[in-house]
Amino acid sequence: DSGVTQTPKHLITATGQRVTLRCSPRSGDLSVYWYQQSLDQGLQFLIQYYNGEERAKGNILERFSAQQFPDLHSELNLSSLELGDSALYFCASSVAAQGAGELFFGEGSRLTVL
Amino acid sequence: KNQVEQSPQSLIILEGKNCTLQCNYTVSPFSNLRWYKQDTGRGPVSLTIMTFSENTKSNGRYTATLDADTKQSSLHITASQLSDSASYICVVSEASGTYKYIFGTGTRLKVLA
Numbered sequence: 001d002s003g004v005t006q007t008p009k010h011l012i013t014a015t016g017q018r019v020t021l022r023c024s025p026r027s028g029d030l031s032v033y034w035y036q037q038s039l040d041q042g043l044q045f046l047i048q049y050y051n052g053e054e055r056a057k058g059n060i061l062e063r064f065s066a067q068q069f070p071d072l073h074s075e076l077n078l079s080s081l082e083l084g085d086s087a088l089y090f091c092a093s094s095v096a097a098q099g100a101g102e103l104f105f106g107e108g109s110r111l112t113v114l
Numbered sequence: 001k002n003q004v005e006q007s008p009q010s011l012i013i014l015e016g017k018n019c020t021l022q023c024n025y026t027v028s029p030f031s032n033l034r035w036y037k038q039d040t041g042r043g044p045v046s047l048t049i050m051t052f053s054e055n056t057k058s059n060g061r062y063t064a065t066l067d068a069d070t071k072q073s074s075l076h077i078t079a080s081q082l083s084d085s086a087s088y089i090c091v092v093s094e095a096s097g098t099y100k101y102i103f104g105t106g107t108r109l110k111v112l113a
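Taken in sequence, the protein lines are chains A and B.
Be aware that the first sequence starts at 1, since it is given in the numbering used here, and climbs by one per residue.
Be aware that the second sequence starts at 1, since it is given in the numbering used here, and climbs by one per residue.
One or more hints might be untrue.
[Stated by the list, open to error] Listed next, the in silico DSS-like pairs over lysine-lysine satisfying Cα-Cα at most 27 Å (straight line):
#1 B/K1 - B/K100
#2 B/K110 - A/K9
#3 A/K57 - B/K100
#4 A/K57 - B/K1
Treat the hints as calculated values from the structure; they're not laboratory data.
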């Protein structure tokens with residue numbers, strides 16, 4: 001158990017809809033990272049938050065947005081969903097703002113868009 | 001451009017055999033290199049982390065090596081088990097101001113009985 005909690009584990013929705021994925025980092029970790037993993041693909045970095053503020057941005061679509069709340073949990077919002085958005089979405093946390101620390105991953109949220 | 005390349009893309013071996021996975025990187029300046037194991041549909045789990053000054057690090061049957069001069073790392077799995085079937089991901093951190101994590105696309109290992 002990494003200590004990173006993601007909900008929901010599975011989500012099935014239709015094209016055009018909007019969903020919210022939630023992540024609770026490990027106790028004491030201030031950084032939250034979001035990654036997308038499509039079928040048989042590598043992990044694609046979406047966005048990072050550190051202590052409530054956006055720290056780095058990757059290949060995140062304009063239809064996607066995220067935030068980190070004062071209690072350090074984070075939410076990834078996906079809107080106007082398309083079939084190609086079907087993927088595993090992972091959250092990871094670390095204690096540091098920068099990528100020198102250990103990354104701990106959650107078990108992911110599997111999104112299926114029909 | 002900072003990149004991490006892994007080979008082979010996939011590998012099938014028989015239970016009990018050894019195997020070696022490769023990771024080449026162009027990340028500069030270099031901070032550290034990690035190997036993660038990702039079971040299908042699960043989150044990646046860290047196996048080893050190595051800094052510039054470390055050449056070898058072991059975690060049970062997993063041994064990682066690092067040659068910072070040639071920018072190559074390998075992960076050697078000894079006496080493979082069915083539970084080793086997974087994707088193995090090499091992640092390199094750059095030591096610039098942003099300290100980004102650069103992910104390889106992984107090697108998918110299948111261990112057969």
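Quick rundown of the hints versus the structure:
no.	hint	in the structure
1	B/K1 - B/K100	holds (13 Å)
2	B/K110 - A/K9	holds (25 Å)
3	A/K57 - B/K100	holds (11 Å)
4	A/K57 - B/K1	holds (17 Å)
Against the hints set out earlier in the document, no violation occurs for any number.
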